[in-house]
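**Q** Heads up: the sequence lines are chains U and P, in that order. Per our numbering: the first sequence ends with 153, consecutive numbering throughout. Per our numbering: the second sequence ends with 1358, consecutive numbering throughout.
Mixed in with the good hints there might be a few duds.
Stated by the list, open to error - A few chain U residues that face chain P, going by a derived Cβ cut-off under 8 Å, partial list only:
| id | residue |
| --- | --- |
| 1 | Pro26 |
| 2 | Met109 |
| 3 | Leu110 |
| 4 | Tyr127 |
To be verified - Just a sample of chain U residues kept apart from chain P, beta carbon distances all over 12 Å, derived:
| id | residue |
| --- | --- |
| 5 | Ala33 |
| 6 | Arg40 |
| 7 | Val75 |
| 8 | Asp138 |
To be verified - Result set (SDA-like, lysine to any residue): computed pairs, CA atoms no more than 25 Å apart in a straight line:
| id | chain 1 | residue 1 | chain 2 | residue 2 |
| --- | --- | --- | --- | --- |
| 9 | P | Lys1287 | U | Leu122 |
| 10 | P | Lys1287 | P | Pro1251 |
| 11 | P | Lys1287 | U | Leu123 |
| 12 | P | Lys1287 | U | Gly25 |
| 13 | P | Lys1287 | U | Ala108 |
These aren't lab readings, by the way, just hints derived from the structure by calculation. For clarity, every value in this text was computed on a predicted model and none was experimentally measured. For every residue, glycine included, the Cβ atom is placed at its ideal position computed from N, Cα and C.
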Amino acid sequence: MSAEPATGPGERAPRPPLLLLATTIGPVTVALEAGLVVSLRAADPGAPGADNGPGIVDLAALLGVDAALVAPEARVAELDLDGERLRVRLGRRVELRSVPWHAVDPLPAMLAGVGDLFLGLALLDGRYLFLLDPDRLRDRAPTVFRSNVEPAHA
Amino acid sequence: MSEPARSERQLTADAVSAAATARGEAGVRPTGPGERSTSVVRIRVGEVWLGVPCAAVETICVANEVTAVPRTPPHVLGLINVQGRAVPLVDLARYLGLTPAPDRDADDSKRAIVVTAGEMRAGLLCAQVCGIVELGQAELRPPHSVTDPQLKPVVVHEADVGERLCLLVDVAALLEGARVR
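So here's chain U without its partners, still in its complex pose (with noise of 0.2 Å):
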């Protein structure tokens, strides 16, 4: 039985929240859809070249955030991208929100430089946080470390 509330002819039903994972780097929020995480950890420092190499795509240097105000504990977030699975890694702090669609907007027109990287922005308890454009980090990801794999269902 479909959890959605019943709707009148020609009514539309009412599309579900984002559920969004949202993480904090330095003074910058940003949040990811939900269910494209596959998997969910702390970062292991003693990886060089996977958790800590160049093969993950880091955040905080995507974003510019200054290297002394991100905090050196990390998560990694592996993503699952149409069956291509992508490392992620996330800030110190990360928590599930959920988003109501009509909360979400675009970037306004005077940073069109920057959202590129960011399918739009929500307001969330007073401070704004950016969504990542899933395409878009998979584009900036090094070659090395994408790897096509059977998608889960298949």
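With the hints as your guide, set chain P onto chain U.
**A** Just chain P now, kept in the frame of chain U:
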């Protein structure tokens, strides 16, 4: 759909004008019959007084909650929420290369005048907002006193307001120059 909630700290340009008129400031001056005039909001940035055309002013607010934006130049301080919309906050002093006036800018409150030009909208951080002034065409001069290379592209006229020089800003040029590419 209900109107977005308006912060009680936010003022409209009309309110600024009304307050200035009520205080009897020398800002509002009538112009002669048939004479075209330009209404500008006077703001202070460092030691410089700028005039922002009222037509480009959306609102004036206090920008206390600023969200940092990644990958932006230093003059973009972040985003502020203005009546439910995300508005980039531009540090006007930094962008125009104007030196703050520490003895006069001790107040920590961040006043921002929100301006629009086409699809672009931004909050301009300034030290002081000083009401609206009407300037007749005869009062507007080419900005010969402006020699600074950062200031020159955005100033279209200059005028004397009382004993102070006021530099009239081209908001479209300002926003185009300050936008993040």
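**Q** Going back to the hint list, which numbers does this structure go against?
**A** none
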